[in-house]
Amino acid sequence: GESVGLHLPTLSVQEGDNSIINCAYSNSASDYFIWYKQESGKGPQFIIDIRSNMDKRQGQRVTVLLNKTVKHLSLQIAATQPGDSAVYFCAENSGGSNYKLTFGKGTLLTVNP
Amino acid sequence: KAGVTQTPRYLIKTRGQQVTLSCSPISGHRSVSWYQQTPGQGLQFLFEYFSETQRNKGNFPGRFSGRQFSNSRSEMNVSTLELGDSALYLCASSPTNRGPDGEAFFGQGTRLTVV
Numbered sequence: 030g031e032s033v034g035l036h037l038p039t040l041s042v043q044e045g046d047n048s049i050i051n052c053a054y055s056n057s058a059s060d061y062f063i064w065y066k067q068e069s070g071k072g073p074q075f076i077i078d079i080r081s082n083m084d085k086r087q088g089q090r091v092t093v094l095l096n097k098t099v100k101h102l103s104l105q106i107a108a109t110q111p112g113d114s115a116v117y118f119c120a121e122n123s124g125g126s127n128y129k130l131t132f133g134k135g136t137l138l139t140v141n142p
Numbered sequence: 002k003a004g005v006t007q008t009p010r011y012l013i014k015t016r017g018q019q020v021t022l023s024c025s026p027i028s029g030h031r032s033v034s035w036y037q038q039t040p041g042q043g044l045q046f047l048f049e050y051f052s053e054t055q056r057n058k059g060n061f062p063g064r065f066s067g068r069q070f071s072n073s074r075s076e077m078n079v080s081t082l083e084l085g086d087s088a089l090y091l092c093a094s095s096p097t098n099r100g101p102d103g104e105a106f107f108g109q110g111t112r113l114t115v116v
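Top line first, the protein sequences correspond to chains A and B.
If you count by this note's numbering, then the first sequence holds residues 30 to 142, one letter each, in order.
If you count by this note's numbering, then the second sequence holds residues 2 to 116, one letter each, in order.
Careful, some of the hints might be misleading.
Stated by the list, open to error - The calculated DSSO-like cross-link candidates involving lysine-lysine, where the alpha carbons are at most 30 Å apart (straight line), are:
#  : chain 1 : residue 1 : chain 2 : residue 2
1  : A       : Lys134    : A       : Lys85
2  : A       : Lys71     : A       : Lys100
3  : A       : Lys134    : A       : Lys71
4  : B       : Lys14     : A       : Lys85
5  : A       : Lys97     : B       : Lys58
6  : A       : Lys134    : A       : Lys100
7  : A       : Lys97     : A       : Lys134
8  : A       : Lys85     : A       : Lys97
9  : A       : Lys100    : A       : Lys85
10 : B       : Lys14     : A       : Lys71
11 : B       : Lys58     : B       : Lys14
12 : B       : Lys58     : A       : Lys134
13 : A       : Lys100    : B       : Lys58
14 : A       : Lys85     : A       : Lys71
15 : A       : Lys97     : B       : Lys14
Calculated directly from the structure, the hints in this document are not laboratory data.
Kindly produce the complete structure, drawing on both the sequences and the hints.
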């Protein structure tokens with residue numbers, strides 16, 4: 030069935046380092062991908078998205094890379110800060126022109142001061 | 002601009018009861034999706050509504066249902082509650098009907114506990 034999985038359930042980094050969070054997806058028909066950040070007690074917060082016709086997209090301190098050949102997504106966070114500590118989810122839209130997000134299990138990022 | 006509003010924030014129900022959760026999307030957003038989040042299964046898609054029509058449905062039993070009103074507000078209902086229905090229920094709204102031309106914005110969720 031459709032699934033989006035994360036290789037690492039936890040990631041611990043030092044403040045100021047760069048972080049890389051990886052994600053594998055299985056539905057080759059998915060054409061839109063999103064990274065979300067979820068802090069304790071809150072709903073997921075949009076970080077960055079990418080369409081399947083792109084392989085890289087940059088935001089403020091974040092970059093998403095998409096490798097369709099191996100069905101792999103990654104989120105890079107530059108100069109990681111303590112406020113970046115959260116669970117990060119990748120999601121793929123498997124609903125075609127409609128919204129039907131399939132989420133990965135999540136990676137807990139801990140930033141040590 | 003107000004965000005996605007979900008009410009109530011917390012609910013405690015007894016097995017066998019039913020529950021209705023409410024979601025008010027961001028003004029102007031016409032697509033509303035519902036997700037269930039549990040520690041074991043993560044975030045799972047329940048259903049998506051646009052213009053009062055259910056467009057997509059996840060793999061949940063018929064006890065889970067929803068609807069959308071003409072003002073885009075949405076409700077989901079769970080009947081005959083089971084202990085396993087304890088979860089954080091999240092609602093997300095998005096702006097367009099032409100596909101994901103904008104990210105889905107999530108509310109803070111309703112924490113449902115079934116005892």
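Consistency of the hints with the structure:
At most 30 Å may separate the alpha-carbon atoms for a hinted pair to count; A/Lys134 and A/Lys85 meet this at roughly 23 Å. A threshold of 30 Å between alpha carbons decides the hint, and for A/Lys71 with A/Lys100 the separation of about 29 Å falls inside it, so the pair holds. Our distance criterion of 30 Å between C-alpha atoms is met by A/Lys134 and A/Lys71, whose separation comes to about 16 Å. Proximity of B/Lys14 to A/Lys85 is assessed by CA-CA distance (about 46 Å); at most 30 Å being required, the pair is judged violated.
With a CA separation close to 26 Å, the supplied pair A/Lys97 and B/Lys58 stays within the 30 Å bound. Of the supplied pair hints, the one linking A/Lys134 and A/Lys100 holds, its CA atoms being roughly 16 Å apart against a limit of 30 Å. With a C-alpha separation of about 20 Å, the suggested pair A/Lys97 and A/Lys134 falls inside the 30 Å cut-off, and the hint holds. Between the alpha carbons of A/Lys85 and A/Lys97 the distance comes to roughly 11 Å, so the proposed pair stays at or under 30 Å and holds.
Between A/Lys100 and A/Lys85 the alpha-carbon distance is near 14 Å, which keeps this suggested pair within the 30 Å criterion. Simply put, B/Lys14 and A/Lys71 have alpha-carbon atoms about 22 Å apart, close enough for the 30 Å limit, and the pair holds. With a CA separation close to 25 Å, the supplied pair B/Lys58 and B/Lys14 stays within the 30 Å bound. A threshold of 30 Å between alpha carbons decides the hint, and for B/Lys58 with A/Lys134 the separation of about 20 Å falls inside it, so the pair holds.
Taking the CA atoms of A/Lys100 and B/Lys58, the gap is near 24 Å; set against the 30 Å cutoff, the hint holds. In summary, the hint linking A/Lys85 to A/Lys71 is supported, as the alpha carbons are separated by about 28 Å, within the 30 Å threshold. For the suggested pair A/Lys97 and B/Lys14, the alpha carbons sit about 44 Å apart, so the restraint of at most 30 Å is broken.
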